[in-house]
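Those protein sequence lines, which keep their order, are chains S and V. Residue 348 is where the first sequence ends in our numbering, and the numbering goes up by one at each step. Residue 1122 is where the second sequence ends in our numbering, and the numbering goes up by one at each step.
Calculated directly from the structure, the hints in this document are not laboratory data. Treat the hints with care, since some could be wrong.
What the hints assert, rightly or not - DSBU-like mimics (lysine-lysine), calculated; alpha carbons at most 30 angstroms apart, straight line:
#1 S/Lys246 x V/Lys938
#2 S/Lys244 x V/Lys999
#3 S/Lys246 x V/Lys1049
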Amino acid sequence: MNVSLRITLLIVLSLLVLAICPFFGLTFISPAVLTVPDHQDAELFWRLRLPRTVAAFLAGAGLSMGGMIFQALFRNPLATPFTLGVSSGASFGASVYFWVSGAFLVKVGSLGPLFASLLGAFLSMFLVWSITSSRGGFQTAIMLLAGVVINFFFSSLVLFVQYISNANDSLRIMHWLMGSLANLETARLAELAFVVIMGGVFVMSLAPQIDLLTAGEELAASRGVKLKTLKIEIFVVASVIVGTVVSLAGPIGFVGLMVPHACRLMLGWNHRSLTPTVFFVGGAFLCLCDLASRLILAPAELPIGIVTALLGGPFFLWILFRTNSAGDLF
Amino acid sequence: MTNQNNPPKPNQEYILETKHFSFWVDRVQILNDISFAVKRGDFLSIVGPNGAGKSTLIKCLLRLHQRGRSTGSVTVEGLNLNSYTQKQLAKVVSYVPQAGGWIPPFTVRDFAKLSRFPHASTVSGLSPSDELAVDQALETVGLTNMAKRSLKTMSGGERQKAYLAAALAQGSDIMLLDEPAASLDPRHASDLATLLTKLNQETNLTVIMITHDLNHPLKTGGLALVLAGGERRYFGPASGLLENGVLEKAFQHEFLYLDHPYGQGRLVVAR
């Protein structure tokens, strides 16, 4: 099967998943009732299921693209959208918010943790940026180390905040860290869609340069890529997409690792074909995970981050034990 | 890079010229006062001991260094190196890196296609003329029937040819090579050298190559630049390598000079 046929097939399949998912859940909603005015199921579909599925799709698309470009930038299969500490920054922001709002009895709306985590994400971005630029040339190795350090730093701070919070706030923090699409308001969907779709278009415009970057930094520069500019663009676009998604849905792990990996196995390394495929497959994948999270413990709901993490472990074992013709992982 | 001493002067006599070029990374000086010039169609071999600054010099000419500062000037096709954008420079100068290290996850043809980036438009991608340039480059190095092979599954010798094809596909007038034959067996090294000499003579490609094979410049003629300790020790016709203990001083080592048994000039062997 040639590559463009595979891409078409994957995208069609993903759209199918997106279209079907909202009908399933605790109860099946028949497509026939959708147009019936004031029908209870139609209400459920339009007000809850559809927005939530779309949110899952956008979050999955964003996280997967973030993972894809970080893996290309670091030429490392284990790079994730969270490698540079964006998500632990966001987690720290959210934790502080829960702790402070608990301590001062501020009412917890959904905008509070959103802004707090966005602030945290930008703080971690700013720190990684400053450390990397201070050494000159925006070197990838420095960026990676800075990211890892900032990641650990904020993760420890999250634990610290959790430790000093009371049991109630601590539980809320823990819940947030598991990631969930349950609290995502419909009003936020437009923002999420804007960031993820614009991000996708921008990544697509960088695709030929990202291909060259996977071939090696010096090689890319010798072929006309402005390395520093490209690296900054990748860093910023991935951080903004991932920061936004994490602020809205919490740090949902493994999506950004699994989806780009699986797509590369099927399509190779051409980012012109990879970008749209990763976008749609990532979206569909998280839709399915969200469906699973609503069904496994029904009527209770499992945090989606647990579902993706449960899938992520076996997936990586499989990657580890399979060898391609060249005998390596990547 | 700064350019205090030599204001840019269009100088079409030389396709590439460096004047009093020095380069520092942090406070460590790596190159000191390097001057040389090559004309269109020249073949320049850069030789010298490890750590002489050969690769650094090549990378400076390609502007691959992400850090560091320099003085003196580099002129490419009559224009100051700093006046080029990275894309414009890639149209004029191509690069074959040292073998080894990270192997790009592409097939031979896809890898060569990446070299058309400076020519292609961002929106529509590669044009038929880009595809043609890629096909021609593969044919020149004799890899047409391996176009769909993954670089990862090739032998070192084949892979180096693929790198050469990729640099050819770039369609530039000058090609810089950093020890392309290092780690190749004698046959593949000789194949590569023959191919380069042929390209240089038949297509008038200007070749600047770092090599540890001292006999290659002696055999093919052309120019030689000897570097040691970041300084220029010799620049001129390759035959000059045999004179005045140039090699002995640069390498701090003794050499034997032998007559070629088939009368093809002289051979040099490290003692």
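Results for each hint:
{"no.": "1", "hint": "S/Lys246 x V/Lys938", "in the structure": "14 angstroms, holds"}
{"no.": "2", "hint": "S/Lys244 x V/Lys999", "in the structure": "29 angstroms, holds"}
{"no.": "3", "hint": "S/Lys246 x V/Lys1049", "in the structure": "37 angstroms, violated"}
This entry does not satisfy hint 3, going by the numbered hints stated previously; all others are met.
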